[in-house]
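*Asks:* Listed here are the chains, written in short residue letters.
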Amino acid sequence: MTADAGPARRRARSRTRWFWIFVGPFALGLGLFTYLPLLWSIALSFFDAHNTVTPTDFVGLDNYTAMLSDDAFLDSLRTFLVFTAFIVPTTYAFSLSLALMVNRVRRARAFFRSVFFLPAACSYVVAALVWKMSVFSGVRFGLANTVLGWSGGDPVAWLSVTDPPWYWLVIVTVRLWLQAGFFMILFLAGLQRIDPALYEAAAVDGARPGRQVLRHITLPQLRATSVAVVLLLVINAFQAFDEFYNLLSDARGYPPYARPPLVYLYYTALGQGQNLGLGSAGAVILSLVIAVVTVGQARRLGLGRRER
Amino acid sequence: MTISRRALLAAGAGAGLLTACGSDTGRGDDTGAGPRLSQWYHQYGETGTEQAVERYAAAYRKAGVSVQWRPGNYDQQTAAALLTGSGPDVFEGGPTLDQIQSGQVVDLSHLLDGVKDDFNPAVLTPKTYDGRIWGIPQVIDTQLLYYRRSVLGDAAVEPPDTLDALVDAAGRLTTKKVKGLFLGNDGGAGALGATPLYAAGLRLVTEDGRVGFDDPAAARTLARLHRLYADGSLLLGAPADWPDPSAFVQGLTAMQWSGLWALPQVRRELGDDFGVLPFPEDGSGAPVVPVGAYGAAVSARSAHRAAAEDFVKWLWVERTDYQEDFALSYGFHIPARVSLAKNADRLKTGAAAEAVRLTTEHGYAQALLWTPAAQTAYQDALNRIIRSGANPESELRAVVGKVSAELDRVKRKP
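Chains as they are written, first to last, in the UniProt record's numbering: chain A, 1 to 308; chain B, 1 to 414.
It should be emphasised that the hints constitute simulated quantities derived from the structure, not laboratory data. It cannot be assumed that every hint is accurate.
[Unchecked claim] Some but not every residue of chain B turned toward chain A, in silico, with C-beta under 7 angstroms:
#1 H42
#2 Q43
#3 T206
#4 D208
#5 A238
#6 T376
[Stated by the list, open to error] Keeping only pairs whose Cα atoms sit at most 25 angstroms apart, straight-line, the calculated SDA-like set for lysine to any residue is:
#7 K176(B) x G153(B)
#8 K413(B) x V53(A)
#9 K177(B) x G152(A)
#10 K342(B) x T376(B)
Just so it is clear, CB atoms sit at the ideal spot from N, CA and C, and this is done for glycine as well.
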């Protein structure tokens, strides 16, 4: 060992040590609480695991065939593809417009930002209960029905009637209210990173403010933010549970309307009835659907592609 | 003030150590003689119940018992906890067929030697599997149809004794401000469940473990429930769902399906201006009252199984004074012991006496073989029949298929 190699090696060792001190606990937690259960669940999906997490009865792909031939599960997957196709563009448009408006405000900027962001701090459960019990309560003194009553309309049982499916209105509005503010903040951050010189150059070149600038300057510049927002929205939509469960379930179960795949799995396999093999198979299928949709989307939209 | 990274890290580590030193093992510090047992209850809505069960536990001398009062989705919590060694020793629960079959709960038959006949058979049968008893029924809960005497009287409507009469009465009692009947915000699928089938003389599962509603009468009966919904006679979207009598006592509805537990509140608010009915008969059936009961069960993973069994025997078999107190002093339940139910003063008069009579004559309990998967399939169909006007025959045919497969599965198990 030469005399001057010592300090360098020591420095390298010390760097490694600090790397593990900072990253180690996180990596350990991730492995223990995320990857291990994930792998375990994949393993369970090949077993008949009624009321046990250490099953012995290997059944191959039986759980998958059972799940994929279950109309109720397929129905909930279909419903959520449609729901995603609707809620993602809606939330995207809504939060982008909010961001554009708040970004242009000259006065009380902090106030508007906070006001629109505040709902993001509200719990899904609490918001669902407020929506269910006061805003969209089915009796004549609920908020929505009071407003309807002014124009002489009959009270509507928003969450109970299925034709027309008014419950979607309740679900979509609560979701928009809860999420729009958060995504608005992401868009705001993106908007503020756009170089003002671009707008000035566009103005000099005679671009009309408004649609033309939005389409050719703002949106292309927001590309990275947009891709991230869309991906998050898609994943959120497929993982929906809280507000649906709190809006539509009762002590005895969840109706076959607007039933998210996770809620269905909870009732048939992962809650009181512990058919953990079947439930895990359903969860794996759902994860695959999410993975396929998001990866496909990421490739099409070019996530992580270097911005030129 | 600036905090150096090192100081922050040290503070973090310190906080971590402090948390690790916490001794919240959920077992309490009660130092009774003998082993420590943990006992789980779901959260009862009535005030005083929690203090009462704490009192019973403290009075037990042979082991230290700590009570856990668990709000939220209790059945799901116990199902998950029973997979591990850190679950309860003693808990109230079904116990469910899957828990029994996979050996998560222990056989308690020997605790009932000599007193078995004193337990109401309607609630003891669903705790029995393979000739052995897996849970000691704690109390009997039942559901009934409450009706407002004055409102029915004003409209010259008789208390309905058939399902057709109920549909008719609900229609005639519905006005612009008051609905005729409240069966829950989902139109009745959750609250009623299998009750209409029993009222039509059918069963969910037959004695020999086959589907009990593969019969044209089932579709006819369920179609009548859709009539109630389609006529607009049902209250929907009430702020409090059917287990709560608020909609009934506030005059939003003339009749409501709710539990016996609501009776004290209804009596307090309405005095004698109400009556109770069973679910009315349909076709060649008979009126029915659904009954249910949590059973006290012992986890097979308990480290002190014998001590846990002794405690269950002491509380739910020997201490009849506590059993009566638990059933009647807080909420309103019928004691599971026939001798207690017969002698309880509070059950001897008025609507309470009527409820006890209806339960004794018309009570039915959900079969043990009816699993959550079967329940989900049936309830989905019922929802679609009632609210979407789906064809009852084809819906039921699909349910029969699913339920038979599920019954085959549970019968295959040892």
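*Asks:* All hints are to be evaluated individually against the structure, with a verdict given for each.
*Replies:* Now for the hints, and whether the structure bears them out:
Among the interface hints, the one on H42(B) is violated; its C-beta lies about 11 angstroms from the nearest C-beta in chain A, farther than the 7 angstroms criterion. The beta carbon of Q43(B) is not positioned within 7 angstroms of any beta carbon in chain A (closest approach about 13 angstroms), and the interface hint is therefore violated. The beta carbon of T206(B) comes no nearer than 21 angstroms to any beta carbon in chain A, farther than 7 angstroms, and the hint placing it at the interface is violated. At its closest, the beta carbon of D208(B) sits 23 angstroms from a beta carbon of chain A; the interface hint therefore is violated under the 7 angstroms criterion.
Residue-level restraint check for A238(B) holds (minimum Cβ-Cβ distance to chain A is 6 angstroms; threshold 7 angstroms). Restraint check, T376(B) versus chain A: the minimum CB separation of about 5 angstroms is within 7 angstroms; hint holds. Distance check on the hinted pair: K176(B) and G153(B) sit about 18 angstroms apart at the alpha-carbon level, within 25 angstroms; holds. A distance of roughly 18 angstroms separates the Cα atoms of K413(B) and V53(A); the hinted pair therefore holds under the 25 angstroms criterion.
For the given pair, K177(B) sits about 14 angstroms from G152(A) by alpha-carbon distance, which is consistent with the 25 angstroms threshold. Our distance criterion of 25 angstroms between C-alpha atoms is broken by K342(B) and T376(B), whose separation comes to about 37 angstroms.
When the structure is compared with the earlier hints, violations turn up for hints 1, 2, 3, 4 and 10 and for no others.
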